[in-house]
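Participant: Chains as they are written, first to last, in my numbering: chain A, 2 to 122; chain B, 25 to 835.
Take these hints with a grain of salt, some might be off.
Here chain B is said to cover these stretches of chain A; the calculated rule only asks that three of the stretch's residues, wherever they fall, bring their Cβ under 8 Å from a Cβ of chain B [said to hold, decoys possible]:
1) 22-34
2) 75-86
3) 100-108
Calculated from the structure, these hints are not laboratory results. Treat the numbers as computed from the prediction; the structure is a model and nothing was measured. We put the beta carbon where it would ideally sit given N, CA and C, even for glycine.
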Amino acid sequence: MNQAQQRVTDTEGWLEVGRIEEIPSLGARVVRTPAGDIAVFRNADDEIFALRDKCPHKGGPLSQGIVHGRRVTCPLHDWKIHLDTGLAVAPDEGCAARFPVKVDDGVVHLSLAADEGCPDR
Amino acid sequence: MKEKLVLIGNGMAGVRTLEELLKLAPEQYDITVFGGEPYSNYNRIMLSPVLAGEKTIDQIMLNDDQWYADNGVTLHKGKWVETVDRARRVVHAGDVSAHYDRLIIATGSYPFVIPVPGSELKGVISFRDIADVDAMLHAAGRPGGRAVVIGGGLLGLEAANGLNKQGMDVTVVHLMDSLMERQLDKPAAELLRTSLEAKGLKFLMQAQTEAILGAGQVQGVRFKDGLEVPAELVVMAVGIRANFQLAEKIGLHCERGVVVNDTMQTFDPRIYAVGECVQHRGQTYGLVAPLFEQAKVCANHLAHIGIARYEGSVTSTKLKVTGIDLFSAGDFIGDEHTESLVLQDPGRGLYKKVVLKDNRIQGAVMYGDTIDGTWYFELMRDRTDISDFRDSLLFGQAHLGDSGHGDDNRVAAMADSSEICGCNGVCKGEIVEAITQKNLFTLDDVRAHTKASSSCGSCTGLVEALLAHTVGGDYSQSPAKKPLCPCTDFTHDEIRTGIRDHELKHMSAVRTYFEWKTPDGCSKCRPALNYYLLCQWPGEYQDDSQSRFINERAHANIQKDATYSVIPRMWGGGTTPQELRAIADVAEKYSVRMVHVTGGQRLALYGLTKEQLPQIWGDLTQAGLVSGHAYGKALRTVKTCVGREWCRFGTQDSTALGIDLEKMTWGSWTPHKFKMAASGCPRNCAEATIKDFGVVCVDSGYELHVGGNGGVKVRATDLLCHVETPQQVLDYCAAFMQLYREEAHYLERTAPWIERVGLSYVKAKIVEDSASREALTQRFHYAQQFAQDDPWAARAKGAEAHEFVPIKQVS
Ligand code: SRM
Ligand SMILES: Cc1cc2nc3c(=O)[nH]c(=O)nc-3n(C[C@H](O)[C@H](O)[C@H](O)COP(=O)(O)OP(=O)(O)OC[C@H]3O[C@@H](n4cnc5c(N)ncnc54)[C@H](O)[C@@H]3O)c2cc1C
Ligand code: SF4
Ligand code: FES
Numbered sequence: 002m003n004q005a006q007q008r009v010t011d012t013e014g015w016l017e018v019g020r021i022e023e024i025p026s027l028g029a030r031v032v033r034t035p036a037g038d039i040a041v042f043r044n045a046d047d048e049i050f051a052l053r054d055k056c057p058h059k060g061g062p063l064s065q066g067i068v069h070g071r072r073v074t075c076p077l078h079d080w081k082i083h084l085d086t087g088l089a090v091a092p093d094e095g096c097a098a099r100f101p102v103k104v105d106d107g108v109v110h111l112s113l114a115a116d117e118g119c120p121d122r
Numbered sequence: 025m026k027e028k029l030v031l032i033g034n035g036m037a038g039v040r041t042l043e044e045l046l047k048l049a050p051e052q053y054d055i056t057v058f059g060g061e062p063y064s065n066y067n068r069i070m071l072s073p074v075l076a077g078e079k080t081i082d083q084i085m086l087n088d089d090q091w092y093a094d095n096g097v098t099l100h101k102g103k104w105v106e107t108v109d110r111a112r113r114v115v116h117a118g119d120v121s122a123h124y125d126r127l128i129i130a131t132g133s134y135p136f137v138i139p140v141p142g143s144e145l146k147g148v149i150s151f152r153d154i155a156d157v158d159a160m161l162h163a164a165g166r167p168g169g170r171a172v173v174i175g176g177g178l179l180g181l182e183a184a185n186g187l188n189k190q191g192m193d194v195t196v197v198h199l200m201d202s203l204m205e206r207q208l209d210k211p212a213a214e215l216l217r218t219s220l221e222a223k224g225l226k227f228l229m230q231a232q233t234e235a236i237l238g239a240g241q242v243q244g245v246r247f248k249d250g251l252e253v254p255a256e257l258v259v260m261a262v263g264i265r266a267n268f269q270l271a272e273k274i275g276l277h278c279e280r281g282v283v284v285n286d287t288m289q290t291f292d293p294r295i296y297a298v299g300e301c302v303q304h305r306g307q308t309y310g311l312v313a314p315l316f317e318q319a320k321v322c323a324n325h326l327a328h329i330g331i332a333r334y335e336g337s338v339t340s341t342k343l344k345v346t347g348i349d350l351f352s353a354g355d356f357i358g359d360e361h362t363e364s365l366v367l368q369d370p371g372r373g374l375y376k377k378v379v380l381k382d383n384r385i386q387g388a389v390m391y392g393d394t395i396d397g398t399w400y401f402e403l404m405r406d407r408t409d410i411s412d413f414r415d416s417l418l419f420g421q422a423h424l425g426d427s428g429h430g431d432d433n434r435v436a437a438m439a440d441s442s443e444i445c446g447c448n449g450v451c452k453g454e455i456v457e458a459i460t461q462k463n464l465f466t467l468d469d470v471r472a473h474t475k476a477s478s479s480c481g482s483c484t485g486l487v488e489a490l491l492a493h494t495v496g497g498d499y500s501q502s503p504a505k506k507p508l509c510p511c512t513d514f515t516h517d518e519i520r521t522g523i524r525d526h527e528l529k530h531m532s533a534v535r536t537y538f539e540w541k542t543p544d545g546c547s548k549c550r551p552a553l554n555y556y557l558l559c560q561w562p563g564e565y566q567d568d569s570q571s572r573f574i575n576e577r578a579h580a581n582i583q584k585d586a587t588y589s590v591i592p593r594m595w596g597g598g599t600t601p602q603e604l605r606a607i608a609d610v611a612e613k614y615s616v617r618m619v620h621v622t623g624g625q626r627l628a629l630y631g632l633t634k635e636q637l638p639q640i641w642g643d644l645t646q647a648g649l650v651s652g653h654a655y656g657k658a659l660r661t662v663k664t665c666v667g668r669e670w671c672r673f674g675t676q677d678s679t680a681l682g683i684d685l686e687k688m689t690w691g692s693w694t695p696h697k698f699k700m701a702a703s704g705c706p707r708n709c710a711e712a713t714i715k716d717f718g719v720v721c722v723d724s725g726y727e728l729h730v731g732g733n734g735g736v737k738v739r740a741t742d743l744l745c746h747v748e749t750p751q752q753v754l755d756y757c758a759a760f761m762q763l764y765r766e767e768a769h770y771l772e773r774t775a776p777w778i779e780r781v782g783l784s785y786v787k788a789k790i791v792e793d794s795a796s797r798e799a800l801t802q803r804f805h806y807a808q809q810f811a812q813d814d815p816w817a818a819r820a821k822g823a824e825a826h827e828f829v830p831i832k833q834v835s
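If we strip away everything but chain A, and leave its shape as in the complex, we get:
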């Protein structure tokens, strides 16, 4: 963990992002970090997901896409990405790195350490 991260996260590595209502339902907000943007999504069931804000296709900003079910459609060329895994919906191939999130008392927390499985490009 680098220094910047230590400053903003609690002892267990969680960063407080904001209240769940600050993210539009079926929408996303961006968390800007020195290592790049992370998109934090909220779907119709108030589930929260976080992905690197970079489409596996050509790097489009996923946070700007349309959220539906557990998917987001990239605004640039319409790839669909699974919010829960970061994987592109078949037959497209690729994935966006996934970040752990949790909601405590309506407050969204994010870990800045990407999950294993998908390279964080």
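Following the hints, put chain B with the ligands in place on chain A, whose structure we already have.
Facilitator: Just chain B with the ligands now, kept in the frame of chain A:
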């Protein structure tokens, strides 16, 4: 416990039903399949290319054993079902039996064998399955072999061509005086026969088979007139009959097939039937396209979704003989109530005939150049009134205007490296490979797997032609009823009507009413529904920004690097030093990376971050500039020329007229973008004749033009009418825009919309019926009250602030 589903018949329709079902409800059933043939599911259509040596059996397998295993489907290969105990719900096939809660019968059909003496001899074969093809290839293996094919229809000719390519000496025998008489008229049949003769086939026409000769093994065929033709192989391809023996035996109501209703149910509600064995509304089908539609409907009901209906199909025919292009559909012979348009070019071996009744296509037959087959077929199926383009109908769907691939439309002749889809850079070879390797049958499949035709769509015709060419025969046409998106089975029109008639005023109300398959739609239907609701309930419906594409949500155009562009309105293409100064100041203050003069007569600022947008808008607003909606499915630009005020040729004040048009229409949301222009004289410097609504000023007044398009596919406008005053121009414009807003499908420009509904229809609503025009104009103005609210000014003052800033910044 899961319900048990049993399928009898491991063929194309039955397994397609399972595929559709597994897509909808993968976990619902324990599935068991009985197949009489000792193979897993293969593409029967492709037996012809296998016989011709162009494909191998391996290449035509659709679902291998692994597929059954992966999907938890139990397959009993080579097991012929003898009976079904409907009371106990058990299927019996020799030593195997299976219990069912629901049953699908998909037993296909069997080849008809004419009952002449000798028809049971060894060497007399029909053409239906792998075993038949094996037998034919075996016979063809002997040198100097001679074959007689009885039947000059589709199957017979494909068999004959295959055997010919295998080196046999082949004679085709036909009862009628012209080949494929149910699919071709005489001139086309003649052309076909000439090309097949050139390939080495021989024909005996109007020949009635009397007996097949030989003892044990076939030796020849004798005809009624006494002629005898020697042969070691006789292929009977005189037709098929629905195979409903099993269904009949177990007491299901059968006529010429197993009778089913619109949900593919037989008279026993637990038993469904699909495929060639079925009779639906008195029809049986022998091509895969309708069977696949049936499969979709059947799966929908098995998955308990229960909304799909099968309403019958219109089919078309193609012959899979390499190097021969023919197409036919519908009634192509005609009668005293129809008219025929014919194009004949014997030198190039071309023949085209389109049969019309009341300016609607009844049928078409073409030989030599079939690229427009799909287009005619669509026009026929949709019962489109073709009077507006009747004069050019025979020349085809002029692809000549398409940018990106010029006139290179002869898909068959195209090199594998030719680019088909200019947007996604997909070449012919890639598409053909995807179709064959992944066994794709539909346009949607090809779009999903290759991206071809998934963007601007201008290459759709080419991709469809490639599909038809590659899959051969009749690939699955897009169904007659095109659902809005995969979330629903309803069409754009059905949904718009529902929204109006049932006063649905919220997106969730629409989804509930139409039983949407997804809880919150998808990126395709949400923007469409948002627009439909907005258009139908102005002032009432609350716009849903999360259902808008990012450009419309952020009121700026997103760029490839996630920056944005800003294009303020310049009314009618005019500007002032003060406006220019404000734009220059903004460009400097925010270090804009580029200022570009757009193709729409205004200035664009490029490379801005999202956070900067509200501030920039604030500065622009101060100078009186408003959003140019360059990002929206909305009114875009109104181009003008300087007109009578300056130009020596100008007849009217086109500049002022353009400004008035823009002031009246700005802010209006439309199904797709809407562009206008006003030119001062027929020299037309503002290019009014490629705009959605264009005005060309003339001495006596104003010519109004509609339905033009510059982009992907150039279309010049149609002349709507001539009017005399500027006020009339404004009124007609408002009426036209409103008609388009209310009736076009979302993402349909005026050009394809007018081609779909016909110019006559638009004229009837706007020119001929003044009450209708006035009502439309009024509805337009009513809606504009709520629309003319500059989104930039509001956001500069803080509206939707969350859209433009990160929720958190970590340093
Ligand atoms: C900015 C501009 C190019 C320029 O710098 O000159 C432009 C830029 C884009 N055009 Fe255009 N078009 C621009 C004038 C045109 C014109 C010329 C005109 O309007 O006279 C045409 C042909 C005329 C026509 O539309 O009939 C044009 C035909 C298209 C098309 C094809 C539309 C069609 O119906 O075939 C698309 C694709 C689409 O809309 O689906 C498109 C799409 C686009 C998009 C929005 C692509 C996208 O979805 O991101 C481009 C955004 C680029 C960007 O980064 O901002 N643009 N585009 C022009 C803006 C004019 C304005 O002031 O608002
Ligand atoms: C050579 C050839 C070329 C063709 N070309 C084209 C073309 O270009 N375009 C086109 O659209 N169509 C074409 N067709 C027609 C197309 O193949 C059929 O319409 C389609 O296969 C019918 O599907 P189905 O599932 O109804 O029947 P089938 O595919 O015939 O499947 C029925 C299966 O059920 C099995 N079965 C029957 N009874 C029982 C039982 N009691 N127990 C167990 N199993 C049983 C059969 O063995 C068979 O395997 C062609 C057909 C042939 C033969
Ligand atoms: S601005 Fe228009 S023509 Fe240019 S690249 Fe973009 S979409 Fe294509
Ligand atoms: S960058 Fe996301 S689809 Fe192309």
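Participant: Taking the numbered hints from earlier one at a time, note which ones the structure violates and give those numbers from smallest to largest.
Facilitator: 3
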